[in-house]
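Working from the sequences, and respecting the hints, build out all of it.
Just so you know, our numbering puts 186 at position 151 of the sequence shown, and the rest follows in order with no gaps.
Please keep in mind that the hints were generated in silico from the structure rather than gathered at the bench.
If you're wondering where the values come from, they're calculated on a predicted model, not measured in any experiment.
Glycine is no exception: its CB is placed at the ideal position from the N, C-alpha and C atoms.
Careful: at least some of the hints might be erroneous.
Said to hold, decoys possible - The following label-pair restraints were derived from C-beta to C-beta distances: (1) 293 <-> 246: 24 to 30 Å; (2) 226 <-> 170: 26 to 32 Å; (3) 155 <-> 125: 17 to 23 Å; (4) 163 <-> 293: 19 to 25 Å; (5) 129 <-> 278: 32 to 38 Å; (6) 260 <-> 168: 35 to 41 Å; (7) 249 <-> 205: 42 to 48 Å; (8) 278 <-> 188: 31 to 37 Å.
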Amino acid sequence: MIARPPGANRGRRHQTRQGLRSIDGDDTAKVETCHADTASVWIWIADARTGAPIRQPNRVLARRTSLAMEATVVVRSVVFDVGETLLDDTAEFGRWADWIGVPRHTFSAVLGAVTAQGHDNAETFQYFKPGFDLVKERQAREDAGAGEVIGDAELYPDARPCLRELKVRGLWVGIAGNQTTRAAALLRALDLPVDDIATSGEWGVAKPQPGFFERVTRFAPGEPHEIVYVGDHRDNDIVPAHAAGLRTVLLRRGPWGYLWAEDPPVVATADWIINSLAELPDLVRPLS
Numbered sequence: 036m037i038a039r040p041p042g043a044n045r046g047r048r049h050q051t052r053q054g055l056r057s058i059d060g061d062d063t064a065k066v067e068t069c070h071a072d073t074a075s076v077w078i079w080i081a082d083a084r085t086g087a088p089i090r091q092p093n094r095v096l097a098r099r100t101s102l103a104m105e106a107t108v109v110v111r112s113v114v115f116d117v118g119e120t121l122l123d124d125t126a127e128f129g130r131w132a133d134w135i136g137v138p139r140h141t142f143s144a145v146l147g148a149v150t151a152q153g154h155d156n157a158e159t160f161q162y163f164k165p166g167f168d169l170v171k172e173r174q175a176r177e178d179a180g181a182g183e184v185i186g187d188a189e190l191y192p193d194a195r196p197c198l199r200e201l202k203v204r205g206l207w208v209g210i211a212g213n214q215t216t217r218a219a220a221l222l223r224a225l226d227l228p229v230d231d232i233a234t235s236g237e238w239g240v241a242k243p244q245p246g247f248f249e250r251v252t253r254f255a256p257g258e259p260h261e262i263v264y265v266g267d268h269r270d271n272d273i274v275p276a277h278a279a280g281l282r283t284v285l286l287r288r289g290p291w292g293y294l295w296a297e298d299p300p301v302v303a304t305a306d307w308i309i310n311s312l313a314e315l316p317d318l319v320r321p322l323s
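The structure is reproduced here in C-alpha cells:
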C-alpha cells in the first residue's frame, strides 16, 4: 500500500515528503492527517506479536525515495537473513544464558545494552566471561549435546508462507546469513521452499564484510539492483547490502529491527521497512 496525500499527482514521482511508502500491508489502514508540504501521515497498524493497534508516524512507516510512488519493484531474486528474520532467536539466546550460567533476563538486558551501543551482539559474552571464545564454546555445547536447535518451532509463522509465495510468483529465493556450517545443514533439513541456502561458515566470510555481499551477488541471479536482501540488522544487513548495490528491506522485529527501524542510516538506505514478511510478496515482482 502507498500512502499519498489527498490530491497528490499520481502521474509522476514526487521528491517531496508526500511520496511515502507504507509498510502496514493493509488497505484498510487509516491515513489520519496529511498536508501537501509536510505529509504528517499517521497510520494505524497491528503489532506483529500482540495484534494490538499501534499509531505510527511516517518516519517509521515509510521511506522517501525516488521509488516511493511505485507499487512494486521488478527484481529477479530475494535473499533472506536468518536470525530474527526467518528464525526467532529467543530460545537460542536463552540456551546461551543457561550455558554460561546467568539468568536469562540478565543476559537479555545486557544484550540490549550492547545492541543499543552499536556493538556486535557477540560482545555480550565478554561482560559475563572476559576472554569468552564463541567458537570454542559453541563446539563445547555441541559436544555436550546442547548445540543449536533449528526446527519448525524456531521459524516465525510468516516465514514459510512468504518464501512459498515468492516462489509461486516466479522469483528466485535464497537464504544467506551469519550462521555456522551446522546451521546450514539444519536449515536445509527444514525443506524450505527456497532455491539455495548458504551461510558465512560455508563461505568463510561474514557480514558486514563487503566480501559477504559480493558472494550474495554471485549466489543469487541478477544484477545487484535486481536482488533484494531482507534482514533485521542495520549494520549487518541494510547498510552493507545497500553499499553493495542491492535493494534492501528492514524487517521491524527482534531487538535490532525495533531499535533501528527509525534510525537515520536505515531510513536513508532501506528501500522498504516492513512489520511482517507477509507484506513482502506484494512489494516485488519478477522480471517478465
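Starting from the hint list further up, note which numbers the structure goes against and sort them upward. The structure conflicts with hint 7 only, although it agrees with all the remaining ones.
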